[in-house]
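Just so you know, the protein sequences line up as chains Y and L, in that order.
Each residue of the first sequence is one higher than the one before, starting from 1 at the first, in my numbering.
Each residue of the second sequence is one higher than the one before, starting from 1 at the first, in my numbering.
In short, the hints are calculated from the structure, not lab data.
Heads up, some of the hints might be wrong.
Said to hold, decoys possible - As a list, the in silico DMTMM-like pairs of lysine to aspartate or glutamate whose alpha-carbon atoms are at most 20 Å apart:
(1) L/Lys3 with L/Glu74
(2) Y/Lys134 with L/Asp27
(3) L/Lys104 with Y/Glu101
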Amino acid sequence: MKIHRPSPPISRTILFIAVAVVANSFGNLMLALGMDRMPAFSHVPILHYLLGMLANPWLLPGALLTAVYTLAQLSLFSWADLSFVIPCTASSYIITTVLSEFVLGEKVQWGRWIGVVLISFGVMLVAETPVTTKEHPASVRETSVC
Amino acid sequence: MLKWTLILFNVVSGSCGDILCARGMSDGGELSHFGPSGIANLIRYIVTRRMIVLGGISYALSFFSLLWLLSVAELSLAVPATALSFVVDTLGARFLLREHVPWKRWAGVLCVTAGVVLTVRSGPPLDTIAAKPQIARAGAALPARGSSPEAHSRAAAPGYSAGFVTRYEPPNSAIPMSSTSNPQR
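Could you build the full structure based on these sequences and the hints that come with them?
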């Protein structure tokens with residue numbers, strides 16, 4: 001007999017998707033800004049290069065945010081469908097486009113804005129489906145739901 | 001031919017990473033503690049679970065195949081093509097993970113895929129794909145220390161794709177060799 005466990009609260013799923021999306025967008029932005037200030041890899045000794053990465057004010061926070069993104073996404077996988085999480089985390093393309101236009105001052109072409117509208121519409125459609133469609137095996141780690 | 005093989009390999013290995021990680025995480029049951037000890041447990045779980053480690057290796061293969069792909073294919077083809085992974089992920093979720101994918105989710109995935117193709121095609125964003133090329137073209141325009149990041153990014157943006165590809169051409173043929181070190185003389 002299959003027992004349907006209560007699905008996790010939608011609010012927690014939304015929170016984790018938001019954390020993943022924001023951490024991914026800003027993490028990549030910081031890594032990009034940080035790597036922009038590094039000398040060419042082939043021109044300097046490797047140790048010198050690694051020390052330069054540590055001293056770079058953008059790279060460590062960027063890597064930290066990327067780690068937050070990874071952990072948030074893996075946590076989501078523990079209760080939500082892969083086919084739910086993956087399209088929803090594509091929202092980071094929206095943030096990236098907005099950042100390009102308004103923070104980096106790039107002239108974003110209209111084709112990208114159509115893409116942003118399509119992604120938003122797609123994420124809204126996916127968000128209307130249940131977070132999970134299969135039963136997860138009961139966990140030894142699970143003792144309470146927060 | 002090589003570039004299509006690489007696109008296929010990149011998409012499939014990336015999706016394999018997603019599917020392996022999703023399977024590995026859902027096997028362990030639902031996470032519910034997110035305090036310091038909960039996060040420590042999560043990290044311990046991730047590094048000891050075979051499926052998730054294999055997923056990580058898959059992600060790495062996907063990343064390196066993307067670098068190779070970008071060195072042989074034009075950016076305007078390679079980057080949008082990687083959006084196929086949304087479709088492959090959903091197929092994998094349906095047939096390997098046995099998720100039920102309602103039609104609304106399919107429609108959403110197709111919209112997202114089309115949207116991502118449009119978004120990355122008409123200008124490389126600073127996202128997962130685009131952040132990595134920065135490593136390569138960092139040397140192309142080394143900014144003066146202390147210049148504002150905004151000003152620099154604006155200045156660097158147009159050379160984006162060109163700089164990335166040049167990284168993979170034979171480096172530095174122009175570096176002058178010291179004549180005294182040449183044994184022929």
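Identify every previously stated hint that the structure contradicts and give their numbers, smallest first.
-> Hint check: 3 fails alone, others pass.
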